[in-house]
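As they're listed, the protein sequences go chains A and B.
Note that the numbering used here numbers the first sequence so that position 143 is 424, with each residue one more than the last.
Note that the numbering used here numbers the second sequence so that position 368 is 375, with each residue one more than the last.
These are computed hints drawn from the structure, not numbers from a lab.
Some clues are possibly wrong.
[Unchecked claim] Distance ranges between label pairs, derived from CB positions:
{"id": "1", "chain 1": "A", "residue 1": "VAL379", "chain 2": "B", "residue 2": "VAL397", "range": "31 to 41 angstroms"}
{"id": "2", "chain 1": "A", "residue 1": "LEU405", "chain 2": "B", "residue 2": "LYS383", "range": "26 to 36 angstroms"}
{"id": "3", "chain 1": "A", "residue 1": "SER341", "chain 2": "B", "residue 2": "ASP123", "range": "55 to 65 angstroms"}
{"id": "4", "chain 1": "B", "residue 1": "LEU178", "chain 2": "A", "residue 2": "VAL379", "range": "51 to 61 angstroms"}
{"id": "5", "chain 1": "A", "residue 1": "ALA550", "chain 2": "B", "residue 2": "ASP177", "range": "50 to 60 angstroms"}
{"id": "6", "chain 1": "B", "residue 1": "LYS119", "chain 2": "A", "residue 2": "ILE412", "range": "29 to 39 angstroms"}
{"id": "7", "chain 1": "A", "residue 1": "ALA550", "chain 2": "B", "residue 2": "LEU195", "range": "36 to 46 angstroms"}
{"id": "8", "chain 1": "B", "residue 1": "GLU23", "chain 2": "A", "residue 2": "VAL379", "range": "15 to 25 angstroms"}
Glycine is no exception: its CB is placed at the ideal position from the N, C-alpha and C atoms.
So you can see what is in the structure, the chains are spelled out below.
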Amino acid sequence: MNKKNKTAADAARVLFLVLVLAFLYLPILLLAFYSFTGSTHIGAVRGFSLQNYVTLFTTSELTDMILGTILLALGSAFIATILGTMGAIGAFYSRRGVNAFITSLNQVPVVNADVVTGFSTCILLVVVLHISKDSYIPLVAGHVTLCAPFVFLSVMPRIKQMDPSIYEAALDLGATPFIALRDIVIPQIVPGIISGFALAVTLSLDDYFIATYTKPATFDTISTYVVNATKGAQTSIKTALWALSTVIFVIVVLIVLGMNIRSMRAEKARLENSVRRGGANV
Amino acid sequence: MENKDTIIELRSITKEFEDGFKAVDDFNLEVKRGEFVTFLGPSGCGKTTTLRMIAGLDVPTSGDILLNGKSLIGLPPYKRPINTVFQRYALFPHMNVYQNIAFGLRQKKVPKDVIDRKVTRVLDLVDLEGFEERGIHTLSGGQQQRIAIARALVNEPEILLLDEPLGALDLKMRKEMQLELKNMHDRLGITFIYVTHDQEEALTMSDKIVVMNEGKTQQIGTPEDIYNEPQNAFVADFIGESNIFNGVMTGHLRARFCGGEFACVDDYEEGTHITAVVRPEDVEITAPEKGTIVGTVDSVIFKGMHYEITVVSGRNEMVIQTVHNANVGDRVGMRVDPENIHVMLAEDHTNQFYADINKDFRLEFNGHHLDTSLTKIIRGSRRLEDGRIVDSSGETIEPSRIRILVSIQPDDIDMTDDQDKGLIQGTISNLIYKGDHYSYVIHTELEQDFVVNDEYLWNMDDRVSLMMPVDKMKFSLRRK
């Protein structure tokens with residue numbers, strides 16, 4: 282390949298990368314830009330303004346909705362984490378056939394469409410069992426059903442990595458199965474539990490279908506609210522949602538950065554540790 | 008009758024897994040207080056399963072385990088005064104050395120100052136003073152090993168179980184730890200039950216060795232007993248190196264094996280089928296005319312302390328360890344002192360012989376073609392287009408590097424007068440009536456004895472030909 286062709290190929294590569302990045306990030310950057318203006322619709326710039334952010338954090342309808350969504354996410358993620366972790370531990374220590382059976386059963390809700398989960402939860406709890414949507418039980422149950430299988434999937438690899446004899450060693454040293462689980466097994470799989478919890482929170486925040494079918498009429502999550510609001514006529518609320526999108530985006534970016542820095546540090550510490558251990562062998 | 012000295016007793020322990028596999032079969036053992044007992048056997052022989060049943064981590068299908076006369080069955084592991092050193096240490100990675108060692112004492116709610124004292128003392132015992140605050144991952148394999156031992160010992164168990172604790176260490180470290188463990192045992196007076204597949208480790212450390220194979224006890228005895236008086240061919244083969252021959256008693260204190268008649272000290276009735284064991288260091292090389300048997304030197308390997316010489320005599324092979332050199336191709340005589348020949352009753356009468364591999368990868372015996380091929384015998388092997396044979400992992404199989412051992416049962420061999428019909432010819436040298444059939448010993452031209460069961464009566468010294476159907480033969484691969 283001659284030099285000219287090479288530069289052309291390089292340029293094509295860069296162009297492709299720029300296009301991909303633009304496709305990924307331009308929409309949200311556009312929204313972020315307009316959230317800091319007084320514009321009522323995208324296209325007309327009316328100068329810098331924080332009005333959208335003031336509306337976002339002072340309108341009680343909006344703050345209640347945001348707070349409610351977060352509480353719902355944390356609460357259902359918490360329950361899902363307990364259930365998913367227990368399921369993974371239980372499956373792991375079961376006989377091989379049982380383990381395989383539980384693991385495949387767990388796959389189904391993961392792959393299944395949310396709309397089916399939401400609709401069927403609604404049918405069972407509300408229509409068949411007559412549980413009122415106002416009790417929040419159908420909503421929480423729906424979100425736990427959504428999240429628990431993912432927690433299971435995120436905890437399982439950690440358990441498999443763990444030396445299975447440390448549980449037996451704990452029993453051998455006089456710990457009851459409960460203590461051995463609490464003091465020995467759980468600390469080993471904490472990273473899996475944490476990432477399972479984080480995943481569960483995100484899933485719950487993201488969900489639209491399950492919430493529409495199971496939520497109380499007076500309650501809205503961010504997703505259901507945004508869908509309704511964009512159909513409505515209240516301009517100030519609509520533009521405040523631009524601000525909300527921007528805030529969510531910034532938080533996500535910060536979290537991702539934080540996680541990456543942490544794992545880089547951990548990797549560095551691990552390397553240093555192994556060097557030190559190498560020294561101890563001499 | 009309860010013996011005061013017995014600390015633990017296993018009574019016909021059997022462990023059968025759900026898939027029907029019997030890991031341990033009717034295992035019986037008594038261990039005296041303060042003894043160092045080793046379970047020795049190849050992997051999968053059930054030794055670790057037995058240990059786990061003592062620890063309470065596995066539950067026997069049947070049988071009883073008595074500690075100081077009281078049954079342990081139904082008692083969970085955390086209530087047994089027994090601690091284990093696991094194969095790969097099983098230290099708790101999120102705890103430091105102190106927390107690991109203190110774990111057992113904390114479960115028993117021992118006061119903090121007592122725990123501190125005991126941890127310091129046990130760290131001193133394993134030569135790791137001042138390691139309390141160290142993380143597990145900062146320790147070398149040998150140090151982790153010592154912490155694992157300390158963690159078990161600090162609980163002052165009545166019995167310490169050790170499951171191949173030195174398996175992950177390098178050779179030098181292993182030798183050091185063997186001595187240290189033995190010293191620790193002698194100093195502390197705790198009963199040790201040790202599991203290993205390393206016969207040297209077992210012989211070095213133990214007061215008593217339990218040799219196991221396929222879930223069954225093969226022999227229980229002191230290291231000397233096990234080495235010098237193996238009770239069966241498995242033990243003889245597993246412990247040390249041995250020449251093992253099938254043979255027959257030919258008279259009072261006389262046995263024929265390996266193509267010769269030897270004087271021995273074990274007395275069995277004439278005509279009994281026997282297994283004879285001769286240790287390589289007990290064979291003496293003599294001038295051809297002075298030997299009980301004569302053979303040709305096939306290979307000589309210098310091993311540092313001695314030469315390992317393989318002599319082929321007829322169809323038999325004798326491995327000899329000697330400080331004197333010999334040359335490949337020499338005709339030599341061999342003799343063995345009667346007290347160095349260990350004669351045992353043959354367990355079964357399986358006939359075994361080596362088949363030849365011809366250049367076409369076909370098997371031959373005594374010049375006769377066997378209707379099978381290497382690819383059928385070696386599982387997963389196949390023949391490539393260029394004529395080579397490779398095994399399941401793609402490695403070339405070199406016919407000159409392997410031998411095929413053929414086994415066939417006495418019932419599956421037929422005798423005929425038609426000399427050309429069989430694979431090999433010989434004369435009947437012994438016959439015993441066994442109720443519904445006769446058991447014959449046929450002494451062949453290749454100095455090998457075959458045992459054949461037949462319902463018809465033949466006469467002594469009849470010359471017969473042996474017909475052996477290939478589909479009744481079992482083949483196994485041996486490396487040269």
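Cross-check of the supplied hints:
1. A:VAL379 with B:VAL397: 31 to 41 angstroms: Since the Cβ atoms of VAL379 of chain A and VAL397 of chain B sit about 40 angstroms apart, the hinted range of 31 to 41 angstroms holds.
2. A:LEU405 with B:LYS383: 26 to 36 angstroms: violated (60 angstroms)
3. A:SER341 with B:ASP123: 55 to 65 angstroms: holds (58 angstroms)
4. B:LEU178 with A:VAL379: 51 to 61 angstroms: For VAL379 of chain A against LEU178 of chain B, whose Cβ atoms are near 42 angstroms apart, the range 51 to 61 angstroms is violated.
5. A:ALA550 with B:ASP177: 50 to 60 angstroms: The hinted range 50 to 60 angstroms is violated for ALA550 of chain A and ASP177 of chain B, with Cβ atoms some 28 angstroms apart.
6. B:LYS119 with A:ILE412: 29 to 39 angstroms: Hint violated: Cβ distance 51 angstroms, outside 29 to 39 angstroms.
7. A:ALA550 with B:LEU195: 36 to 46 angstroms: For LEU195 of chain B against ALA550 of chain A, whose Cβ atoms are near 39 angstroms apart, the range 36 to 46 angstroms holds.
8. B:GLU23 with A:VAL379: 15 to 25 angstroms: holds (19 angstroms)
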